[in-house]
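Visitor: Protein sequences appear in the order of chains G and E.
Numbering follows our numbering, with no gaps: position 251 of the first sequence is 251.
Numbering follows our numbering, with no gaps: position 181 of the second sequence is 181.
Hint data in this document are derived by calculation from the structure and do not stem from the laboratory.
Virtual Cβ for every residue (Gly too), placed ideally from N, Cα, C.
Honestly, I wouldn't trust all of these hints.
[Claimed, not checked] Computed beta-carbon distance windows for the label pairs:
| id | chain 1 | residue 1 | chain 2 | residue 2 | range |
| --- | --- | --- | --- | --- | --- |
| 1 | G | 226 | E | 106 | 32 to 40 angstroms |
| 2 | E | 86 | G | 177 | 41 to 49 angstroms |
| 3 | E | 89 | G | 107 | 25 to 33 angstroms |
[Said to hold, decoys possible] In the EDC-like style, the derived pairs of lysine to aspartate or glutamate whose C-alpha atoms are separated by at most 20 angstroms in a straight line are:
| id | chain 1 | residue 1 | chain 2 | residue 2 |
| --- | --- | --- | --- | --- |
| 4 | G | 178 | G | 164 |
| 5 | E | 79 | G | 105 |
| 6 | G | 96 | E | 78 |
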Amino acid sequence: MELECSTSRHAPWRWYSLPVNAKRLQSALVVFCLLISIPSQAEPPDTQEDLLPVYESGVATLELGTRKIPIGYAVTPLGPVFSLHAFVANLGGELKLGPMNQSHELTLGTTTFTFGPGSAVVTEGTEIYPIVQRPRPAVDGLKVPLDLLETVYGEQMSYHFQWDAAARTLSVEKLPAKTIQAEIDLVHVQGVTTVVLQFATQPRYRIRRTPGQVAVEFIGDRLEARPTRSLPSDQLVRQVLQTPQSIRLVLSPDTEANDYTLLDPFRLVFDIYKTSATTAPEIARTAPPSRTRAIQTIVIDPGHGGSDTGAVGSKGVEEKTITLLLAQTLRSRLEERLPVRVVLTRTDDVELPLDTRTALANQQKADLFISLHINSVRGSSARGAETYFSSLQASDANAAQSAATENLSNTGEDGDPLYDLQLILWDLAQSHYLAESQRLASLVQEELNEALGLRDRGVKQAPFRVLLGAAMPAVLVECGFISNPEEEERLLDPAYRADLVDSLVRAITRYRAQREGLDSPPDEATP
Amino acid sequence: MSGRKLTIILLAILVALIAIVIGWWIGQKPESELPVEVVVPVEPIPEGTGLLVDLYFPGSGTQLVAEQREVPRESEIDKQLTRLLQELAAGPESIELFAPLPEEITVGWIHINPANVAYVDLDFAGEAARPAWGSGQEILSVYSIVNTVLLNLPEITAVILLSNGQQRPTFAGHLDTSRPLLANRNLIATTEP
Numbered sequence: 001m002e003l004e005c006s007t008s009r010h011a012p013w014r015w016y017s018l019p020v021n022a023k024r025l026q027s028a029l030v031v032f033c034l035l036i037s038i039p040s041q042a043e044p045p046d047t048q049e050d051l052l053p054v055y056e057s058g059v060a061t062l063e064l065g066t067r068k069i070p071i072g073y074a075v076t077p078l079g080p081v082f083s084l085h086a087f088v089a090n091l092g093g094e095l096k097l098g099p100m101n102q103s104h105e106l107t108l109g110t111t112t113f114t115f116g117p118g119s120a121v122v123t124e125g126t127e128i129y130p131i132v133q134r135p136r137p138a139v140d141g142l143k144v145p146l147d148l149l150e151t152v153y154g155e156q157m158s159y160h161f162q163w164d165a166a167a168r169t170l171s172v173e174k175l176p177a178k179t180i181q182a183e184i185d186l187v188h189v190q191g192v193t194t195v196v197l198q199f200a201t202q203p204r205y206r207i208r209r210t211p212g213q214v215a216v217e218f219i220g221d222r223l224e225a226r227p228t229r230s231l232p233s234d235q236l237v238r239q240v241l242q243t244p245q246s247i248r249l250v251l252s253p254d255t256e257a258n259d260y261t262l263l264d265p266f267r268l269v270f271d272i273y274k275t276s277a278t279t280a281p282e283i284a285r286t287a288p289p290s291r292t293r294a295i296q297t298i299v300i301d302p303g304h305g306g307s308d309t310g311a312v313g314s315k316g317v318e319e320k321t322i323t324l325l326l327a328q329t330l331r332s333r334l335e336e337r338l339p340v341r342v343v344l345t346r347t348d349d350v351e352l353p354l355d356t357r358t359a360l361a362n363q364q365k366a367d368l369f370i371s372l373h374i375n376s377v378r379g380s381s382a383r384g385a386e387t388y389f390s391s392l393q394a395s396d397a398n399a400a401q402s403a404a405t406e407n408l409s410n411t412g413e414d415g416d417p418l419y420d421l422q423l424i425l426w427d428l429a430q431s432h433y434l435a436e437s438q439r440l441a442s443l444v445q446e447e448l449n450e451a452l453g454l455r456d457r458g459v460k461q462a463p464f465r466v467l468l469g470a471a472m473p474a475v476l477v478e479c480g481f482i483s484n485p486e487e488e489e490r491l492l493d494p495a496y497r498a499d500l501v502d503s504l505v506r507a508i509t510r511y512r513a514q515r516e517g518l519d520s521p522p523d524e525a526t527p
Numbered sequence: 001m002s003g004r005k006l007t008i009i010l011l012a013i014l015v016a017l018i019a020i021v022i023g024w025w026i027g028q029k030p031e032s033e034l035p036v037e038v039v040v041p042v043e044p045i046p047e048g049t050g051l052l053v054d055l056y057f058p059g060s061g062t063q064l065v066a067e068q069r070e071v072p073r074e075s076e077i078d079k080q081l082t083r084l085l086q087e088l089a090a091g092p093e094s095i096e097l098f099a100p101l102p103e104e105i106t107v108g109w110i111h112i113n114p115a116n117v118a119y120v121d122l123d124f125a126g127e128a129a130r131p132a133w134g135s136g137q138e139i140l141s142v143y144s145i146v147n148t149v150l151l152n153l154p155e156i157t158a159v160i161l162l163s164n165g166q167q168r169p170t171f172a173g174h175l176d177t178s179r180p181l182l183a184n185r186n187l188i189a190t191t192e193p
């Protein structure tokens, strides 16, 4: 008796006749094979839900000077990963598990880097460094990508890494310290002294605070010795001392210094202010610019565009379409009725980064920036328009202080040298225009309420990205809720949109009249 | 085919199915000691030992509405933060309120740095990578998390929201999420929505 297994027609197996007990044994063997083979077909379980396939893995060579050290590695579609323990053992550092065992913490000196298999990112303090792929847990410890090593050991200890895929060799060499160049500016505006340290390349540094001093200490790098430009004498910063290792600010008594960084070029900025309540920094920072000018150029920003549709209504109406229609009409009406030049950030259905929109307004030296949007929330009951101006932080206290400065003067002298520095700090530029932005927002909201009978949702503040970099009064107008079917329908009506536009024209006209000292808006401006 | 052969084949198929199920189950078990997702086991709260917290959920308008809950009190701040976010992610009890995030967006890992700034990573899946939200929804989603964290855990100074492990300039084209966020009490409803 033969038992023929027909699982494959091309290569049938032929089992020889056996007693029944032996056949049972055969079956048991098959079952046993299945039991052991199925789990083994799966990759070793990993906590990463989107684990990348491994093209190759094994032991590579870590070349450290003349030493050759075996190191575990693997290659994924995103590049090689290496066993971190070998670097900790040979280059230094202390590696431990983070809170709740969700992350690893690698400490080099006083600096701790945090990373883990959950994310393609390394954090150090408030700094975040994206890396090409997530670290991979493995039997021989965590395997990490090359850019994580460059971020940690490269930036911190000046190591350079070179991977030779053919030879499966990772070479590591220590680079000499680099020389960095810095320019220092100091300006005092409305009770706040701002010191800007501008670097040609981003240095490695730490900020150390001691009583009466704030020091920027360079890690590994050295400051180039250059003739020091004389800085204006200042009531809050007594001295700025430079050495190859540090830049030190010597402060007056009872002062505090806030620091933040700006990019392109890299700048380290300190705001120094008295700690007494009379010169609270936020109030001072919201002081309007020291020079005024007639409104000549207005930049209108139709929100969203291209693949960024913005909100979509229940009938399929897209926010980007309505905002462009509104912007085009608004440009026509403004140019008809006011002696101004109007520029749209986009005139077609194209995608445009938020920062580019603001940069365009700054390049055009716009006097007003108005970003048009249509709102949406979950639920369909919300209705009405609302007008936003920027908040530097989403903090109530700051917002209240900003409001308190509304009536600060907007007059000043042309050619103020501070103006250039304000442009350097352009991504904080809106902080200087909060009061004017609030005034414009109030007028826009008032006109929208009166003309359209919309529910008054009021003037609000939020840290809108598109407003933060605007070096001019800037508002974001939410012209209704597309999530409300009734308002969605109205936004499709050209007559309704024309009414919305006329409200905006009236608000801009009133603002222009107030700012330029006109008693009343010119007749031709009334739609 | 004889009855005996059929019996053996059926038996083999049955055991193979069992093997597949066992294999799948083993494949699901993580070997690593480093869980990606934030998981804290749910245990009953002994009376009087819990922490009363206010969770801020989006209402049907443009405001956040607080719901009070009791969560287990943890000795470490990161565990307490995890508890808080788990409770927030579980959604509101009131049918008039909304969960802070759509289902396809989940809270991934968290980290608190030495300056007590909380990093909260949101996993955006598929099309949610660029949500088609109006500013109202974006504001409520972001500040539902930020307000819940900062107004319940005063040790935490600010919140940095990440998306799939990366810091983005904005989630839906409006709010600047490239900087640490502070609480915004103005969004909290003082009356029912």
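Visitor: Are any of the numbered hints broken by this structure? If so, which, sorted upward?
Guide: 1, 4
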